[in-house]
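J.: Each chain is listed here by its residues.
2 protein chains.
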Amino acid sequence: MMQGRQVQPAAAADVRRPARVPVPPPRPFLCTVGASVKETLFPDDPFRAVAREPAGGRRAMAVLRYLFPSLGWLPSYSFADLRSDVVSGLAVASLAVPQGVSYARLAGLDPVVGLYSSFVPALVYAALGSSRELAAGTPAVVALLFTSMMSAAVSPTLEPQLYGSLVFTATFFAGAFQAALGVLRLGFLVDFLSQAAIVGFMAGAATVVCMQQLKGFLGLPQFTRSTDLPAVMASVFSQTADWHWQPFLLGAGLFLLLQITKYIRKKRPKFFWISAGAPLVVVIFSTVLVYLINGEKHSIQTIGTVKKGINPPSVQRLILSSPHTWLAAKTGILTGIISLAEGSAAARSFAMAKNYHVDGNKEMIAFGAMNMVGSCTSCYVTAGTFARSVVNRDAGCRTAASNAVMAVVALITLLFLTPLFQHTPQVALSAIIAFAMLGIVNLRAVARLWRVDKVDFFVCLGTYLGVVFGSIAVGLLVGAGVLILRVLLSVARPRTTVLGRIPDSTVYRRMDQYTMAQRTPGVLVLRIDAPVYFANASYLRERITRWIDGEEDRIKAAGGEESLRCVVLDMGAVGCIDSSGTKMVEDLKNSLDKRGLQIALANPGSEIMRKLDISKVLQFIGDQWIFLTVAEACDYAHSNCKIQTELQSVASPDEMV
Amino acid sequence: MMQGRQVQPAAAADVRRPARVPVPPPRPFLCTVGASVKETLFPDDPFRAVAREPAGGRRAMAVLRYLFPSLGWLPSYSFADLRSDVVSGLAVASLAVPQGVSYARLAGLDPVVGLYSSFVPALVYAALGSSRELAAGTPAVVALLFTSMMSAAVSPTLEPQLYGSLVFTATFFAGAFQAALGVLRLGFLVDFLSQAAIVGFMAGAATVVCMQQLKGFLGLPQFTRSTDLPAVMASVFSQTADWHWQPFLLGAGLFLLLQITKYIRKKRPKFFWISAGAPLVVVIFSTVLVYLINGEKHSIQTIGTVKKGINPPSVQRLILSSPHTWLAAKTGILTGIISLAEGSAAARSFAMAKNYHVDGNKEMIAFGAMNMVGSCTSCYVTAGTFARSVVNRDAGCRTAASNAVMAVVALITLLFLTPLFQHTPQVALSAIIAFAMLGIVNLRAVARLWRVDKVDFFVCLGTYLGVVFGSIAVGLLVGAGVLILRVLLSVARPRTTVLGRIPDSTVYRRMDQYTMAQRTPGVLVLRIDAPVYFANASYLRERITRWIDGEEDRIKAAGGEESLRCVVLDMGAVGCIDSSGTKMVEDLKNSLDKRGLQIALANPGSEIMRKLDISKVLQFIGDQWIFLTVAEACDYAHSNCKIQTELQSVASPDEMV
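Keeping their order, the protein sequence lines are chains A and B.
Using UniProt numbering, the letters of the first sequence correspond one by one to residues 1 to 657.
Using UniProt numbering, the letters of the second sequence correspond one by one to residues 1 to 657.
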């Protein structure tokens with residue numbers, strides 16, 4: 001019967017309106033699924049390059065190029081490329097070698113493992129990496145994570161063998177996890193670690209690591225392995241008797257030197273190589289000095305003998321069945337995520353600066369391969385690190401080949417130069433670490449967060465405090481928790497706003513934003529600013545009802561205005577709707593009918609139209625109450641409402657339930 | 001310098017455009033927080049009624065009325081109200097008493113506890129409840145949850161005392177949890193249990209419960225307490241020897257009787273009292289029958305003696321320090337959520353039908369009070385249940401007073417009538433339970449889910465299978481998991497669409513939806529359909545870049561068209577933006593500059609404008625490239641782009657970084 005009643009006004013509406021809102025033809029379920037899966041997992045259409053090629057040999061070649069990006073640049077690799085790659089490779093190596101040794105110690109590992117980790121993974125990345133600037137290496141945070149998460153269970157000093165095996169196992173898990181994410185194209189999950197959280201996390205880690213370097217600076221014999229500030233402070237001040245001024249003096253001097261080179265580099269960017277080479281200089285200088293003045297006598301601890309020779313295989317050391325395996329897996333997955341976050345962020349920003357595209361998921365596979373191969377060749381978790389990549393870029397690298405060059409240098413070091421480290425003072429490494437760590441504290445980013453978005457700032461702060469006073473895990477939980485909560489809130493509490501007409505135009509805009517916007521008498525225009533589904537359907541129903549109550553109160557208070565007759569919902573911003581959503585619209589229509597109010601929808605998207613159509617809500621509202629624009633809805637409502645509402649209120653009883 | 005360059009075109013733009021997009025004045029952080037907190041926690045503005053009153057006595061009265069809704073209707077309570085409330089109260093009671101006894105047994109409790117639970121909590125709700133139709137009682141699902149979660153740890157048959165105490169403790173936790181949610185106004189969290197999940201969950205629970213009733217129907221001596229289908233079936237078919245035909249015959253007959261009354265009620269709604277009274281009739285009839293034919297002889301098990309007298313206090317029985325406390329807490333919180341979901345859904349739908357408003361959070365506080373008081377007076381978890389509330393409404397109740405009437409009837413039963421239950425056959429209760437359970441299987445809703453939203457359907461199915469073949473908890477996890485994942489996905493992968501101009505209008509609409517929409521030569525109009533923040537910023541950047549690549553390929557392929565010069569982003573649907581979002585826009589502007597493309601924003605909301613302004617991105621893009629409507633943006637771009645892009649590409653170097 002309702003249908004019958006509508007024919008006439010619907011026809012009238014047709015005449016009145018230039019374009020109608022089409023209901024898309026029903027698509028088979030699988031198509032929809034297919035489309036959304038493609039959009040979710042392959043948003044960047046990674047296989048376009050392959051698809052372009054004609055089938056056959058050339059396509060096979062394209063597939064290979066896709067799998068091994070190095071095949072992309074190798075054929076056209078010129079001597080000029082080689083030269084600049086060698087230069088940048090050397091620059092990175094001069095930073096990588098001392099850093100490798102330092103971070104290995106930070107991770108509670110034999111220094112040589114750091115060198116191993118600069119060799120094999122770098123080669124792997126040279127073959128698989130799709131970023132030109134990224135330089136493979138161990139992020140300091142990863143080293144920190146290893147000590148903080150595993151040294152509690154297994155002491156690196158008492159059972160170094162077991163600890164080492166655990167580290168390799170964790171590295172394997174990290175690699176497997178990263179590769180899995182990449183293959184399943186779930187890279188977007190990493191995006192849920194927002195920049196705010198990462199900034200806070202990095203700063204917190206830096207603080208903790210710097211504090212731990214007091215061991216080296218003060219030449220303390222033993223030290224706590226727990227990472228939280230209170231514990232570290234306690235262990236520092238519990239052994240004031242063992243404080244030594246000599247290592248502190250040396251360390252402070254070296255630290256100052258590094259800072260100066262950094263300053264020079266800021267002033268004169270062309271002299272990047274000064275700061276790039278500085279760590280190496282520091283190591284050499286301090287080693288020679290300690291050797292000459294026979295530092296051990298002055299209680300300056302040195303690294304001691306470092307193994308010689310190339311990476312020994314470590315497959316047999318992977319622990320896949322022991323009480324510790326679970327711990328290794330946890331550590332691996334966490335470090336995997338963190339290094340991914342840093343690595344892909346770095347790759348992305350460099351690619352953007354040079355305006356080319358890196359496939360995040362492919363990078364993940366590359367990192368995964370690095371770590372899985374690494375775990376079998378005595379390496380621990382590696383990724384692309386910011387510090388090294390910056391050096392690499394400034395040195396003018398052209399392709400991932402610079403990683404290969406770095407690997408060669410690391411190899412040479414391993415084969416011939418390790419004995420030279422014997423007299424390297426630990427405080428030198430501490431200075432290098434502390435310097436590098438202070439470098440990753442990004443105060444400008446924090447200031448920006450505070451300026452732009454307070455919530456983000458507090459996410460950042462919370463993460464920082466969590467890391468510094470709790471533990472790495474606590475910090476991450478705080479950050480992620482707040483962010484997830486924020487997402488859920490933004491979903492559960494979408495904004496609804498009243499729209500008004502901009503004078504002498506057909507444009508409707510938010511009245512709270514545009515002061516000049518004017519109400520259409522007798523019509524309330526509401527705009528819903530989010531997808532309508534289970535999480536917010538009931539809220540939206542209540543909120544809209546409240547808007548209507550408020551409007552009616554206002555009209556009463558004002559007096560003289562014509563009473564409310566129609567509510568227009570601007571669905572333009574409603575991206576999708578689910579069954580709870582359509583139910584909500586239906587309920588709203590019902591309760592508005594009871595109040596003798598007409599409901600009209602403006603500019604619903606095709607998904608919305610389809611859902612409303614198959615859920616029969618479209619027919620219930622009446623086809624002629626769906627409009628292309630808010631303006632049309634208002635005009636039509638203004639002229640047709642009176643009659644319509646009476647009909648409705650008569651008709652409503654038998655439409656109930 | 002950039003500013004300087006902009007003055008002239010900006011002025012030109014002013015002339016061209018009727019209205020500009022205003023940048024809202026910066027608001028103090030606390031105001032923003034306050035506003036959003038209010039919107040999040042008090043969306044329905046619960047204190048409006050109080051705020052309206054003038055300060056002093058009348059406002060105090062309003063506060064009291066707010067706390068005790070009963071004070072709202074008591075003053076104007078007429079004899080007519082009383083009469084209809086008494087009638088409906090009796091109707092509910094005639095259902096509540098047998099149901100109470102049945103569900104208590106289902107929960108592994110002494111039948112009398114069911115009667116206790118129909119007495120005290122009903123009184124509490126009469127005072128605190130703000131729904132007129134809701135009738136307090138124990139949802140069958142809650143009873144099921146208790147057995148399935150706790151009987152594994154403590155056997156109700158072997159240690160009934162301890163089990164009882166555990167139940168009361170769980171009830172206390174449930175109440176405390178519900179009250180806390182209500183006071184903290186976190187009611188919206190319950191909305192994350194979507195209707196789809198609840199339908200599936202209820203159906204699953206019903207299936208499981210019905211299966212368990214085979215014990216009563218077959219008169220089996222012992223039975224498994226685990227709820228999953230396989231276990232139940234195993235335990236049924238493991239004791240085929242003990243199957244009895246007499247109880248089955250009786251049970252089947254009673255079940256049939258109930259079904260008939262239901263059918264009558266469907267045909268003739270005015271005879272609701274037939275189906276309302278049916279369970280009572282079933283109990284009385286079967287009791288008399290069993291008494292006459294001396295059913296025990298025919299292996300028809302009876303309830304046996306039921307304690308007499310009013311609720312004994314049970315405060316001393318609460319276990320707050322024992323290994324079991326954690327279990328009790330878990331069960332309590334879960335049952336609390338479930339009963340909330342059912343209760344508030346019921347309250348909401350009834351209120352909507354009669355077009356008045358219930359404050360969900362206030363309902364939670366009422367439920368919480370019911371359970372906390374109940375836990376101290378030998379009651380287990382209660383809430384507003386659908387079945388009873390429907391009877392209550394059909395019986396024409398006017399206020400929550402009908403609950404008080406029901407309580408009085410329960411009281412009388414407790415004081416005088418319990419002995420009559422002695423000969424009531426267990427199979428009668430089984431029949432009542434099975435009947436009630438089949439009633440809550442909502443096949444029409446399932447069909448609707450399949451029709452409207454496949455994802456919801458699979459959520460529903462998953463929850464159902466989880467409950468039936470796994471456990472209650474598994475089912476809930478499946479449902480909630482899928483839903484949260486869906487939310488995160490919809491946030492991480494927002495839709496971006498290309499807009500085209502509807503012929504002879506200034507309206508721009510999605511080209512995939514409106515076939516008649518036309519491109520503006522040289523301009524690509526993209527629309528972002530979601531808030532832009534950390535979770536989707538990097539995705540959006542890549543996706544937009546891909547749209548541009550695609551467009552340029554298309555133009556090349558087509559040939560003859562003028563090349564792309566400007567990209568217009570329709571920000572109308574972007575509800576909010578965070579620091580990652582503004583960074584995204586900035587990066588986009590940078591990379592577009594490199595490609596010699598101009599970027600323009602159309603219709604950004606005030607939040608967006610504020611964020612873009614304080615993050616200096618607005619100035620970077622250039623004030624004159626922000627437009628009120630897409631149409632203006634396109635026209636302006638079409639006429640001004642050439643010059644602009646040249647300027648940009650000249651200026652870009654010193655704007656970089």
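These are computed hints drawn from the structure, not numbers from a lab.
Hints are supplied without guarantee of correctness; some may be wrong.
A pair counts as met if it fits within one copy or between any two copies, since identical chains are not told apart.
[What the hints assert, rightly or not] In silico lysine-lysine, DSSO-like type, Cα no more than 27 Å apart, as pairs:
| hint | residue 1 | residue 2 |
| --- | --- | --- |
| 1 | Lys594 | Lys354 |
| 2 | Lys38 | Lys594 |
| 3 | Lys556 | Lys38 |
| 4 | Lys330 | Lys266 |
J.: Does each hint hold? Answer for all of them.
T.: Against the structure, the hints come out as follows:
Within a single copy, lysine 594 and lysine 354 get their C-alpha atoms only as close as 61 Å, which misses the 27 Å cut-off; across copies the closest is 9 Å, which meets it. Taking CA atoms no more than 27 Å apart as the test, lysine 38 paired with lysine 594 passes in neither setting, with 44 Å inside one copy and 29 Å between copies. In this homomeric assembly, lysine 556 and lysine 38 come within 27 Å of each other (Cα to Cα) only across copies, at 25 Å, whereas the closest approach inside a single copy is 53 Å. In this assembly of identical chains, lysine 330 and lysine 266 lie within 27 Å of each other by CA distance neither inside one copy nor across copies; the values are 40 Å within and 58 Å between.
Figure legend: structure checked against the earlier numbered hints; hints not met, in rising order: 2, 4.
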